[in-house]
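**Student:** Protein chains in written order, with our numbering: chain A, 1 to 214; chain B, 1 to 214.
Among the hints, erroneous ones may be present.
The list treats identical chains as interchangeable, and a pair is accepted whether it falls inside one copy or across any two copies.
Listed below are the simulated SDA-like cross-link pairs for lysine to any residue, each with C-alpha atoms no more than 20 angstroms apart in a straight line [as the list claims (entries may be wrong)]:
(1) K22 x A89
(2) K115 x A127
(3) K118 x R34
(4) K118 x V63
(5) K35 x R119
(6) K35 x D87
(7) K118 x R204
(8) K118 x S80
(9) K115 x R133
Just so you know, the hints here were simulated from the structure itself, not pulled from any lab data.
So you can see what is in the structure, the chains are spelled out below.
Protein chains: 2
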Amino acid sequence: MQLYTYFRSSAVYRVRIALNLKGLPYESVPVHLRKDGGQQFAPEYRRLNPMALVPTLVDGQAVIGQSLAIVEYLDETHPSPPLLPSDPAGRARVRAIAQGIACDIHPLNNLRVLKYLKRELGVDDRARDAWYRHWVETGLQGIERMLADSPATGRYCHGDTPTLADICLVPQVANARRLDCRLDDMPFVARIDAACRELPAFERAAPENQPDAQ
Amino acid sequence: MQLYTYFRSSAVYRVRIALNLKGLPYESVPVHLRKDGGQQFAPEYRRLNPMALVPTLVDGQAVIGQSLAIVEYLDETHPSPPLLPSDPAGRARVRAIAQGIACDIHPLNNLRVLKYLKRELGVDDRARDAWYRHWVETGLQGIERMLADSPATGRYCHGDTPTLADICLVPQVANARRLDCRLDDMPFVARIDAACRELPAFERAAPENQPDAQ
Chain A
1 MQLYTYFRSS
11 AVYRVRIALN
21 LKGLPYESVP
31 VHLRKDGGQQ
41 FAPEYRRLNP
51 MALVPTLVDG
61 QAVIGQSLAI
71 VEYLDETHPS
81 PPLLPSDPAG
91 RARVRAIAQG
101 IACDIHPLNN
111 LRVLKYLKRE
121 LGVDDRARDA
131 WYRHWVETGL
141 QGIERMLADS
151 PATGRYCHGD
161 TPTLADICLV
171 PQVANARRLD
181 CRLDDMPFVA
191 RIDAACRELP
201 AFERAAPENQ
211 PDAQ
Chain B
1 MQLYTYFRSS
11 AVYRVRIALN
21 LKGLPYESVP
31 VHLRKDGGQQ
41 FAPEYRRLNP
51 MALVPTLVDG
61 QAVIGQSLAI
71 VEYLDETHPS
81 PPLLPSDPAG
91 RARVRAIAQG
101 IACDIHPLNN
111 LRVLKYLKRE
121 LGVDDRARDA
131 WYRHWVETGL
141 QGIERMLADS
151 PATGRYCHGD
161 TPTLADICLV
171 PQVANARRLD
181 CRLDDMPFVA
191 RIDAACRELP
201 AFERAAPENQ
211 PDAQ
């Protein structure tokens with residue numbers, strides 16, 4: 001398998017964690033989002049990923065964009081260890097936490113969005129950072145309540161083994177920390193993030209441990 | 001089942017289509033996003049949906065936010081007709097199209113985001129509409145290429161029966177049309193959108209046909 005990756009992308013970070021949890025070897029193909037005007041816009045990459053975003057996973061004939069679709073694909077093709085619970089209500093809860101991050105937080109703070117704010121709307125750095133923190137803090141406060149209010153929360157977001165929800169949480173918290181977001185009123189988020197980061201699968205997937213990190 | 005809904009929300013529109021395709025009756029509970037400072041922020045609603053967003057589906061003990069998580073839950077608990085193909089690569093393709101819309105287009109044009117642009121960043125109506133069109137047009141051009149470049153595309157996004165991908169496409173195209181986005185260079189999107197809208201399940205789910213429409 002080949003994973004088209006950028007070390008700092010939190011969407012690719014999710015896929016790296018999933019591949020590590022499954023124990024699947026893969027080849028990293030770097031796509032530098034800030035070099036050459038954005039290597040994701042190169043015609044040969046856009047043939048693989050028409051949205052011009054990372055990640056893309058290539059597994060034989062299958063060429064898959066979108067981090068959550070990739071993780072579900074890996075879970076279906078390599079079921080052990082499972083990254084989703086077996087009951088529909090539990091699966092829905094895990095997917096809802098993951099999508100709360102992947103749909104309601106992360107897309108607003110993507111590199112391309114921050115660039116648009118600056119270049120097209122003339123937003124200064126301070127207002128752009130406030131935008132970033134607003135969506136991260138608002139979103140993670142919602143995630144905190146989902147975790148705090150449910151008896152299904154365990155050592156990890158859902159029970160005592162890592163799932164798709166944790167795979168999304170840790171990269172988002174890493175971004176939050178990098179931008180100095182307020183996290184001190186989120187004990188469940190902080191505890192679960194720390195528990196995950198003790199696992200080698202999460203540690204090896206971290207941006208700073210990637211070959212293309214700089 | 002109860003569906004907490006707002007007629008104009010394209011995220012809820014997806015769930016309404018899925019419920020109709022499955023032939024499942026449900027009770028609509030309106031959550032007006034523009035009345036009372038936003039009824040989604042009421043404490044009793046936030047207990048159901050800590051992200052303070054629509055939709056929420058209540059099915060017995062299960063309380064599920066996030067439209068894609070809800071559609072997958074419905075597909076697992078009521079498998080016929082299926083809303084995802086049976087092979088992992090096909091499922092990944094359908095999910096990637098759905099997430100290309102639900103993660104890369106729609107979150108940027110949510111009501112709360114448009115409000116932030118205006119209130120916090122002082123963006124005028126013209127620049128706000130340009131923002132809206134930029135993300136819709138860029139994103140749907142990517143979706144168009146995913147559809148045009150794949151032999152898996154049929155009468156609908158994936159083969160000849162509607163899937164989760166179509167469930168996301170039609171509400172996004174409805175939004176695009178409402179904001180006068182350019183769609184004339186997207187023949188696959190236009191053809192599939194029209195084919196879907198011929199189906200009663202899609203027609204009955206449309207915003208203008210909801211009891212809370214006004």
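**Student:** For the identical chains here, do K115 and A127 meet the 20 angstroms Cα criterion within one copy, between copies, both, or neither?
**Tutor:** both (13 angstroms within a copy, 15 angstroms between copies)
**Student:** Using 20 angstroms as the alpha carbon limit, work out where K35 and R119 are close: within a copy, between copies, both or neither.
**Tutor:** Answer is within; shortest intra-copy Cα gap is 17 angstroms, inter-copy 34 angstroms.
**Student:** Given identical chains, is K118 near R34, meaning Cα to Cα at most 20 angstroms, within a copy, between copies, both, or neither?
**Tutor:** Intra 15 angstroms, inter 29 angstroms, cutoff 20 angstroms: intra-copy only.
**Student:** For K118 vs S80, is the C-alpha pair at or below 20 angstroms within one copy, between two copies, both, or neither?
**Tutor:** neither (44 angstroms within a copy, 48 angstroms between copies)
**Student:** If the cutoff is 20 angstroms on CA atoms, where do K118 and R204 land: within, between, both or neither? Let me know, please.
**Tutor:** neither (33 angstroms within a copy, 41 angstroms between copies)
**Student:** If the cut is 20 angstroms between Cα atoms, do K115 and R133 qualify within a copy, between copies, both or neither?
**Tutor:** Intra 16 angstroms, inter 16 angstroms, cutoff 20 angstroms: intra and inter.
**Student:** My question is about K22 and A89: at a cut-off of 20 angstroms on alpha-carbon distance, are they close within one copy, between copies, both, or neither?
**Tutor:** Between copies only: 18 angstroms across chains, 23 angstroms inside a chain, cut-off 20 angstroms.
**Student:** How do K118 and V63 come out at 20 angstroms by Cα distance, when the copy is not named: within, between, both, or neither?
**Tutor:** Answer is neither; intra-copy 33 angstroms and inter-copy 39 angstroms both fail.
**Student:** 20 angstroms Cα cut-off: does K35 pair with D87 within a copy, between copies, both or neither?
**Tutor:** neither (44 angstroms within a copy, 37 angstroms between copies)
The structure fails hints 4, 6, 7, 8 (numbered hints given earlier, in ascending order).
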